[in-house]
Amino acid sequence: MSDTTTELSAQLRERTGSRYSQRVRKAGGLPAVVYGHKEEPVSITVDAHTAIGYISKGEKVFHMDIAGAKQYVLLKDLGYDYLGTNIIHADFARVDMNERVDTKARLKLVGEAVGLKTTGAIMMHPITELQLNCTVTNFPDDIVVDVSDMEVGDAIHASDITLPKDTMVLLTDPGAIIAQIVMKAVQEEEGEAAEVGADGATPEVIAEKKDAE
Amino acid sequence: MPPYKIPKRVKHRKEFRRVRDRKATKGNYVAFGEFGLQALEPCWLKSNCIEAGRVTCQHFLKREGKLFIRVFPDKPISKKPLETRMGKGKAEVDYWAARVKPGTVLFELAGVSEARARGAFFRIAMKMPVRCRMIGRRIEA
Numbered sequence: 011m012s013d014t015t016t017e018l019s020a021q022l023r024e025r026t027g028s029r030y031s032q033r034v035r036k037a038g039g040l041p042a043v044v045y046g047h048k049e050e051p052v053s054i055t056v057d058a059h060t061a062i063g064y065i066s067k068g069e070k071v072f073h074m075d076i077a078g079a080k081q082y083v084l085l086k087d088l089g090y091d092y093l094g095t096n097i098i099h100a101d102f103a104r105v106d107m108n109e110r111v112d113t114k115a116r117l118k119l120v121g122e123a124v125g126l127k128t129t130g131a132i133m134m135h136p137i138t139e140l141q142l143n144c145t146v147t148n149f150p151d152d153i154v155v156d157v158s159d160m161e162v163g164d165a166i167h168a169s170d171i172t173l174p175k176d177t178m179v180l181l182t183d184p185g186a187i188i189a190q191i192v193m194k195a196v197q198e199e200e201g202e203a204a205e206v207g208a209d210g211a212t213p214e215v216i217a218e219k220k221d222a223e
Numbered sequence: 225m226p227p228y229k230i231p232k233r234v235k236h237r238k239e240f241r242r243v244r245d246r247k248a249t250k251g252n253y254v255a256f257g258e259f260g261l262q263a264l265e266p267c268w269l270k271s272n273c274i275e276a277g278r279v280t281c282q283h284f285l286k287r288e289g290k291l292f293i294r295v296f297p298d299k300p301i302s303k304k305p306l307e308t309r310m311g312k313g314k315a316e317v318d319y320w321a322a323r324v325k326p327g328t329v330l331f332e333l334a335g336v337s338e339a340r341a342r343g344a345f346f347r348i349a350m351k352m353p354v355r356c357r358m359i360g361r362r363i364e365a
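Protein chains in written order, with our numbering: chain A, 11 to 223; chain B, 225 to 365.
These are calculated hints, taken from the structure and not from any lab test. Treat the hints with care, as some may be off.
[Said to hold, decoys possible] Estimated spans, in silico, between C-beta atoms of each pair:
no., chain 1, residue 1, chain 2, residue 2, range
1, B, A339, A, D152, 33 to 43 Å
2, A, A165, B, E239, 36 to 46 Å
3, A, K48, B, F284, 24 to 34 Å
4, B, A255, A, Y30, 29 to 39 Å
5, A, V124, B, F292, 20 to 30 Å
6, B, S337, A, H99, 32 to 42 Å
7, B, E239, A, K48, 42 to 52 Å
8, B, K235, A, D151, 41 to 51 Å
9, B, K232, A, E109, 16 to 26 Å
10, B, H236, A, T177, 55 to 65 Å
We put the CB at the ideal spot given by N, CA and C, even for glycine.
All chains, please: the whole structure from these sequences, using the hints.
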């Protein structure tokens, strides 16, 4: 996490609903909500260009100025449009700087794996983020995983990863695979075995089977 | 004829057409790979189109990367034979199709560079009956 918390100013949004949210977006704002700490949720508007710029850089904790009242907030969720291109809504949760929170940290795989030089070998990394429990001040930007020593068949599990701080607790399943080098040919045989029907073949009809009984 | 994917078991032989002018609310982001090919228009994507896309991608990438097919043709589409009078019941199943809405991710690629993925998706998009675009993973909170 960067040493200074990002400042973000917000205005209260008095009229809520999809129609008013669309008007906010057209005016260059991003509709958002702040909740948590047993206080009433507050609908707000932040500047879309500024907020999305910080979010895309990986910032998660903000020092938010909501109509004069300043508080620390944590980015909890993002809403996307149907094409998944534009961020249309953001959820923020109120936090204390010494509070422990559950969050996600991006995984960054570094190094050229030795096993990838073998023909047909590919690296699979099904998980791109790790779920962690840590204090707000210890938020990691990225968790760096060195894959340069990996051979074909090797796998790195979530439990193998050294977390940047001792106080961090891993919430992701320890057995979850972070990176694995597999031979593509073997994978294809396993995957293609089912569901292939010749042209003209008809599937079994469950309803007809019941009628016959 | 190459083998196309069809369901193994179905509840009913034939289906209603149903409405298809809706936007995708699920299956509209890259979930398995690093890059994806997203449909921008609605269609019933025939099983042979999906197969053509797969073949052209494998041909271009050779043995590189892994292709994920995110759509499955589970909708039976019936068609009356030529020069047939109307009526006499619903026709036999002609082909199987996947329901594609604007935003649906059709294919995903993992283990390839962006340039190679772009090349592969360009070739797949040529086989698709709808406009498509390449997308990456989206930012998660």
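Quick rundown of the hints versus the structure:
Separation of B:A339 from A:D152 is about 24 Å and departs from the stated range, judged on CB atoms against 33 to 43 Å. Checked against the hint of 36 to 46 Å, the pair A:A165 and B:E239 passes, with Cβ atoms roughly 42 Å apart. Distance hint check for A:K48 and B:F284: the Cβ-Cβ separation is about 56 Å, which falls outside the suggested range of 24 to 34 Å. Hint check: B:A255 to A:Y30, Cβ distance near 32 Å, so the stated range 29 to 39 Å holds.
Checking the proposed 20 to 30 Å range against A:V124 and B:F292 shows it holds: the Cβ atoms sit about 26 Å from each other. A beta carbon spacing of about 33 Å between B:S337 and A:H99 agrees with the range 32 to 42 Å that was offered as a hint. In this structure, B:E239 and A:K48 meet the distance hint of 42 to 52 Å, their C-beta atoms being roughly 50 Å apart. Distance hint check: the CB atoms of B:K235 and A:D151 are about 49 Å apart, consistent with the given range 41 to 51 Å.
In this structure the hint that B:K232 and A:E109 lie 16 to 26 Å apart at CB is violated, the actual value being about 51 Å. For the pair B:H236 and A:T177, the supplied restraint of 55 to 65 Å holds, since their beta-carbon distance comes to about 57 Å.
The structure fails hints 1, 3 and 9 (numbered hints given earlier, in ascending order).
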